[in-house]
Amino acid sequence: MPFSFNGLQYVVGAPENVEGMKALKPLRPFDDAVIAFLNDLSGELRKVREYPDVATFGFWCRKAALLQEKAKYDDIAERFGKGVVFHSTPSNVPVNFAFSFAAGLLAGNANVVRLPGKPFEQVDIISAAVRKLLDGQHANLAPYIAFVKFPPSKEITDAFSAICSVRVIWGGDRTVAELRQSPIPARTTEITFADRHSIAVIDADAYLAAERKDTIIQNFWNDTYYTDQNACTSPRIIFWTGEKKAEAKEDFWSRVHELVKQKYTLAPVQSVGKLTALYSVAAVRKVSLVKSEDMLVTRLIPETADAGLMDYKYNSGFFFEKDIDRLAEIAGVCDLRCQTLTYYGVPETDFRTFLEETRPAGIDRIVPMGKSMDFALVWDGYDLIRQMSRRIGGLS
Amino acid sequence: MTFDDFLNMPPFSMDKAEKERALTGRLAELTKLHRANCPEYARMLETVGFDPDGVTSYRDLPFLPVRLFKDMELRSVPKEDVVKTMTSSGTTGQAVSKIYLDRTTSANQQKTMVKIVSDFTGSGRMPMIIIDCPGVVKDRAMFSARGAGILGFSIFGAKKIYALDDDMKLDVEGVKAFLEVYRGQKILLFGFTFMVWQHFYKELARLKEEGITFDLSNGILIHGGGWKKLISEAVSRDEFHRRMEEACGLKDIHDYYGMVEQTGCIYMECECGHLHASNFSDVIIRRPANFSEADIGETGIIQVVSTIPESYPGHSLLTEDEGSILGEDDCPCGRKGKYFKINGRLKNAEIRGCSDTYAVQF
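Chains W and P, in that order, give the protein sequences.
If you count the first sequence from 1, position 219 lands on 219 in our numbering, and the numbers rise without skipping.
If you count the second sequence from 1, position 139 lands on 535 in our numbering, and the numbers rise without skipping.
Hints listed in this document are in silico derivations from the structure and should not be mistaken for laboratory results.
Cβ atoms here follow ideal geometry from the backbone N, Cα and C, with glycine treated the same way.
Among the clues, some could well be false.
Stated by the list, open to error - Derived Cβ-Cβ restraints for the label pairs, each shown as a range:
hint, chain 1, residue 1, chain 2, residue 2, range
1, W, Leu24, P, Asp562, 37 to 43 Å
2, P, Gly730, W, Glu303, 52 to 58 Å
3, W, Lys286, P, Pro448, 37 to 43 Å
4, P, Asp477, W, Lys263, 40 to 46 Å
5, P, Lys624, W, Asp158, 35 to 41 Å
6, W, Ile301, P, Arg417, 32 to 38 Å
7, P, Asp477, W, Ala209, 36 to 42 Å
8, W, Ala128, P, Asp562, 50 to 56 Å
9, P, Glu667, W, Lys263, 45 to 51 Å
10, W, Ala361, P, Asp477, 52 to 58 Å
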């Protein structure tokens with residue numbers, strides 16, 4: 001049996017599924033059967049109270065939301081899924097695999113999803129719900145779905161890579177490089193999620209004028225400390241615009257500090273790691289540390305904010321911070337690696353002007369503060385539906 | 397005090413007040429020296445807004461995480477003056493610390509080590525059994541921690557023998573003959589804790605069952621490198637001591653704590669089972685949340701200061717180890733200074749995020 005190996009475990013589906021995938025008829029993007037399946041999955045998962053990330057995924061894949069997404073595409077009649085998508089998902093984020101899988105299915109494909117290696121209950125919950133639906137009223141989609149787990153193995157990666165039309169690799173530069181050791185067919189395309197960094201822009205005056213500052217702080221927490229400030233979407237540098245910057249920063253950071261003190265656990269190794277990161281950048285660049293009573297919030301003011309600064313990014317509450325007069329001054333850090341810009345109090349039109357005038361190599365998403373982790377079908381600069389489907393040309 | 401003044405005193409003689417004055421003077425001076433001669437270090441101090449002239453205690457001096465020496469070259473002397481580069485042990489693929497020594501620093505490391513160790517072994521050299529294989533020191537160009545430890549302690553040995561061959565097998569005949577020649581004399585044994593247990597003790601215990609015995613009741617064993625591997629075999633310090641005595645009569649056993657980044661200033665375990673800071677150095681326990689100084693008995697991250705390093709800015713370092721101070725100036729063994737215990741490495745934290753990397757790469 002070509003798709004069974006030592007150490008390869010099928011959590012959903014079986015080797016026969018994968019065997020048969022190449023012969024399946026592709027689906028259309030946003031196929032009714034897929035939307036119905038995801039909507040039922042949504043129904044199962046939105047009941048999950050213990051895991052907000054599972055519930056968030058459940059909320060995202062409900063029918064009404066998917067139909068809204070569908071409405072953004074005007075070429076569905078000429079599109080089909082590319083065939084088989086092989087997803088390699090990150091080992092330390094529990095629910096990311098579900099979004100990747102849903103996008104692959106919505107684009108019209110059969111999906112082999114490599115689940116995170118580490119045991120997460122969220123993965124078990126979602127997998128069980130998928131199994132239940134495929135065993136029941138959505139059996140028609142069962143041939144299109146396999147969830148697998150395996151330890152790092154070139155042999156297994158080779159096998160799945162050899163049959164896929166699209167390979168989706170999450171997990172950063174090293175994982176991408178590792179998976180690229182396994183060849184893919186000539187027509188197969190890849191979607192790679194490389195190491196990225198993200199930034200934030202806050203307008204000081206808008207912040208000071210805001211009535212519900214604690215909501216802003218909570219949103220900032222969600223973008224940063226909630227994932228140890230280590231997601232690709234977590235801002236590593238905060239730019240301040242506006243007039244009363246000093247006053248705004250004072251208020252903002254003291255509230256952040258208060259919240260972090262209540263909610264965050266900084267392990268000793270993280271403290272040492274932050275101190276190391278701070279001295280590492282200090283050794284080679286002109287930066288100054290903002291004094292703090294503890295290690296919870298580390299703020300460094302660089303003399304210049306250029307792309308090289310981001311080589312020294314760190315996590316667990318480690319922020320560069322820069323005052324600017326014009327948005328154009330953020331361009332230095334917006335190299336290819338720059339992914340998400342989160343903002344507060346800056347009008348969207350300012351970003352449009354900035355993008356038009358500066359045309360940075362990076363910045364793939366511009367979203368309000370607190371929304372950095374919200375998954376969308378346009379992610380990391382890729383339109384996932386279009387990247388995982390093919391369009392037939394020539395028909396009028 | 398100059399470094400020579402430290403050398404001219406008994407190594408465990410300073411009480412808290414005296415040591416506070418002596419260390420503050422010497423370490424503040426080293427801070428200035430490195431600031432003037434190591435541009436990276438100067439920039440680090442500038443970043444944190446450190447003012448060397450405002451120092452009232454060595455406790456206020458900045459401490460560099462040891463990892464920095466793995467990631468960059470930190471030197472306070474020109475390249476030409478480096479006579480030796482020490483590297484930490486690391487498993488393949490891991491970054492290693494690079495410590496640059498000039499003539500003075502290298503010589504002072506050795507003199508310090510002699511002062512400290514002699515306080516436990518008595519002065520004068522002894523026949524020495526190195527519980528390791530000769531291969532570990534062959535490559536003299538690059539010192540590994542194990543090799544450096546052996547070479548460092550070799551100065552206490554008059555005649556030396558390696559107890560293990562390069563396959564880590566006990567050289568039964570060689571050791572027997574060596575003990576025969578030096579019968580009645582005090583013998584120094586040195587090795588890494590796990591090597592001693594795995595390749596020496598276990599073999600002695602096995603041979604004893606076969607009726608082949610060794611008498612090491614005249615021996616003094618110095619061992620270091622940590623208990624991690626022994627703890628996984630459920631061997632405690634007391635058990636280690638008891639079994640050693642049972643196997644070969646060895647009673648005089650001293651653990652030590654030290655690191656390649658501050659070679660020379662080793663912390664020896666006294667007769668009461670406590671690790672001791674000598675006049676030459678000190679340990680300060682830091683609270684992880686804000687790096688303030690912890691109280692006696694409180695567990696925290698270990699900072700070490702050393703009066704030796706002049707060629708690299710390593711006189712005040714934050715280790716990756718956890719421990720606590722047991723007391724100061726009042727150990728029943730009579731030695732002044734702090735005495736402490738090590739709990740082991742800081743625990744790794746698995747942090748979140750979407751890149752498949754883990755919090756700590758050490």
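Verification of the hints:
1. W/Leu24 to P/Asp562: 37 to 43 Å: Because 60 Å falls outside the window, the suggested range is violated.
2. P/Gly730 to W/Glu303: 52 to 58 Å: holds (54 Å)
3. W/Lys286 to P/Pro448: 37 to 43 Å: At 19 Å between Cβs, range violated.
4. P/Asp477 to W/Lys263: 40 to 46 Å: The hint (40 to 46 Å, Cβ to Cβ) is violated, given that P/Asp477 and W/Lys263 are roughly 51 Å apart.
5. P/Lys624 to W/Asp158: 35 to 41 Å: holds (37 Å)
6. W/Ile301 to P/Arg417: 32 to 38 Å: holds (37 Å)
7. P/Asp477 to W/Ala209: 36 to 42 Å: violated (60 Å)
8. W/Ala128 to P/Asp562: 50 to 56 Å: Check passed, 55 Å falls within 50 to 56 Å.
9. P/Glu667 to W/Lys263: 45 to 51 Å: holds (48 Å)
10. W/Ala361 to P/Asp477: 52 to 58 Å: violated (44 Å)
Of the numbered hints stated above, those contradicted by the structure are hints 1, 3, 4, 7 and 10, listed in ascending order.
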